[in-house]
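Given chain U, put chain D in place with the hints provided.
What follows is the residue order along each chain.
2 protein chains.
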Amino acid sequence: MFTDEYFMKMAFQEAELALEKDEVPIGCVIVSNNRVIAKSHNLTETLNDVTAHAEMQAITSGANYLGGKYLQKCTMYVTLEPCVMCAGALSWSQITKVVIGARDEQRGFINKALSLHPKTEVVTGIMENECSQIVKDFFKNKR
Amino acid sequence: MFTDEYFMKMAFQEAELALEKDEVPIGCVIVSNNRVIAKSHNLTETLNDVTAHAEMQAITSGANYLGGKYLQKCTMYVTLEPCVMCAGALSWSQITKVVIGARDEQRGFINKALSLHPKTEVVTGIMENECSQIVKDFFKNKR
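Protein chains in written order, with UniProt numbering: chain U, 1 to 143; chain D, 1 to 143.
In isolation and in its complexed conformation, chain U is listed as follows (with noise of 0.2 Å):
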């Protein structure tokens, strides 16, 4: 039951919350002994703050979930890869995985040769299609 999808799903359904806020729809949770202890999307233009992604509201959630800075033993699912800010914000978290949706060769932090803490393990490509069709929908729709 608690699969990578099944998480997945989970994030997906905060991208589309940050649809209809109009903001770029990107999700994410974080879970640990698969407990969902974090959930957010996108608000950068909601709080007027570019600070605002989806990934770093759940890492300062999920650390006062469990009243520790660190992230060990969790995983993130997030829709879209992380962009440099929140992959540097995960490694400091020593999180133990990052389920990743659908690639940003663009603005991710892979292409980047950016590595998160070495402990951790990064899994991409679940639920590629759907992650990745919400945002391009989203861009095309702003043209």
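Treat the hints as calculated values from the structure; they're not laboratory data.
Just so you know, not all the hints are guaranteed correct.
A pair holds if it fits inside one copy or across any two, identical chains being indistinguishable in the list.
Unchecked claim - Subject to a maximum C-alpha distance of 27 Å in a straight line, what follows is the list of computed BS3-like cross-link-like pairs (lysine-lysine):
{"id": "1", "residue 1": "LYS112", "residue 2": "LYS97"}
{"id": "2", "residue 1": "LYS140", "residue 2": "LYS21"}
{"id": "3", "residue 1": "LYS119", "residue 2": "LYS97"}
{"id": "4", "residue 1": "LYS142", "residue 2": "LYS119"}
Same frame as chain U, now just chain D:
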């Protein structure tokens, strides 16, 4: 009067406030038209939040002051070279200029071959010795 040293001194005072709280002593201010619109210091331990670097807080509060998410025509003065996370955030903010006290060869963004926004000017080495020494002394006392 409004030299780089003038504003870096204010960033350094923020670093001293961090030190008083037993935080890694890093401080910053954001200046717009020779006016300080945000000041902050590292609060990662106090807030139990790896994202609570001085720069991240200042970017959020500067944008809040300006009522828009971009920090165009703004300069950040920061006592230590920003990490990957903070460099990513500065890049999104499109800030005009970043003035750095001391380099951070290990954790800083410059050696990672990351660049900020193409229009952002970067200056290093303002009050370098003081900005470097306060961090070195902090870690020496920790050992």
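Hint-by-hint comparison with the structure:
1. LYS112 x LYS97: both (19 Å within a copy, 23 Å between copies)
2. LYS140 x LYS21: Answer is within; shortest intra-copy Cα gap is 16 Å, inter-copy 48 Å.
3. LYS119 x LYS97: within (8 Å within a copy, 35 Å between copies)
4. LYS142 x LYS119: Between copies, since 25 Å is at most 27 Å while 39 Å is not.
This entry satisfies every hint, going by the numbered hints stated previously.
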